[in-house]
Amino acid sequence: MRELKIVSRKRNEMIDITRDIQKIVNEEKPGAGIVIVYVPHTTAGITINEGADPSVQRDIIETLKKLIPESGDYHHLEGNSDAHIKASLLGSSVTVIVKNNKLILGTWQHIFFYEGDGPRNRRVYVKIN
Amino acid sequence: MRELKIVSRKRNEMIDITRDIQKIVNEEKPGAGIVIVYVPHTTAGITINEGADPSVQRDIIETLKKLIPESGDYHHLEGNSDAHIKASLLGSSVTVIVKNNKLILGTWQHIFFYEGDGPRNRRVYVKIN
Amino acid sequence: MRELKIVSRKRNEMIDITRDIQKIVNEEKPGAGIVIVYVPHTTAGITINEGADPSVQRDIIETLKKLIPESGDYHHLEGNSDAHIKASLLGSSVTVIVKNNKLILGTWQHIFFYEGDGPRNRRVYVKIN
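Residue numbers (my numbering), protein chains in the order written: chain A, 174 to 302; chain B, 174 to 302; chain C, 174 to 302.
Be aware that a few hints might be false.
Copies of the same chain look alike in the list, so a pair counts if it works inside one copy or between any two.
[To be verified] Okay, derived cross-link-like pairs now, DSS-like style, lysine-lysine, Cα gap no bigger than 25 Å in a straight line:
1) K183 / K275
2) K272 / K239
3) K272 / K196
4) K239 / K202
5) K239 / K183
6) K196 / K239
7) K178 / K275
Everything labelled a hint here was simulated from the structure, so no lab data went into it.
With the hints as extra help, turn the sequences into a complete structure.
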């Protein structure tokens, strides 16, 4: 298992980690298999989406904010219930296929760490299977 | 890794691909393991849900449309931000257990490709691990 | 593949199954690998989130109820379309990394079975790969 350190700068932010994951695959040289990219946090998630136009990230972040507002009828007292809910909707891991030591992503696909309660120091676990 | 070609007919559509995935498992004969069904697109997703009553698919599609409307305060100029957001909420892959060369699904479970910006020619990657 | 039996007590409920999954890993002793925790139902899901403060579970459940109400313009006649939709949003499986026969979860992470149409007798499949 490998570990990746991430530093988020905003409360809500999508951070492109595709290159970092590919770099780990380059180093581990599994040939073929699958990679699990796992977020060990409960106020952050992970998602695969378009990496070409940053407006897509902006639209995802703003739509999630509208659906699950930061302030609401929440009982959890830390002010980040919205981030917990987003974490469950996006999920805590993604699985990507590897072939010839390359992540098999679609043309527009990038892997994004989704920060829901930043800025914070975060980690991602990477397991090749 | 195997590839499946899908042709969608509507803008929003759930296409049952369970038989196609089982057919690939029949051909690959892994015995036991897991199957990753991966969508390499950013305006489509994949989900497991009820296959018996088509009303369930209709209710999923219409509820997602209501939550994430096609038109809204979006910055991405291609008119498909809703589809990008749905792709992240549903996810880009599902993992199914295989035993004796059979997908181990629940009684009502089918695997659906979720089209969010059709009609289009689409692909799904299938990896047995 | 191992199986876990779950008895839910409410219509909407998050049931912590972390210990049960760790117990299966203790018995199977894979050393290192991944665990797939799979829900074979279409009105229940699975998610990883905070296990320390029960208010987080309450906030997730109540926010999902508000976003996807039990009663609405649904065509499926069994009165549980909301549960089907939540199942697709949360997902039917989670993947967790195992190292030295331990689930590698974050400090606050627990694995929850998400009941959307209880009370019912439910099952979860556990596959170590």
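Status of each hint after checking the structure:
no.: 1; hint: K183 / K275; verdict: neither (31 Å within a copy, 33 Å between copies)
no.: 2; hint: K272 / K239; verdict: neither (39 Å within a copy, 39 Å between copies)
no.: 3; hint: K272 / K196; verdict: both (14 Å within a copy, 22 Å between copies)
no.: 4; hint: K239 / K202; verdict: neither (42 Å within a copy, 45 Å between copies)
no.: 5; hint: K239 / K183; verdict: within (17 Å within a copy, 27 Å between copies)
no.: 6; hint: K196 / K239; verdict: neither (35 Å within a copy, 40 Å between copies)
no.: 7; hint: K178 / K275; verdict: both (21 Å within a copy, 22 Å between copies)
The structure does not agree with the numbered hints 1, 2, 4 and 6 stated previously, though it agrees with the rest.
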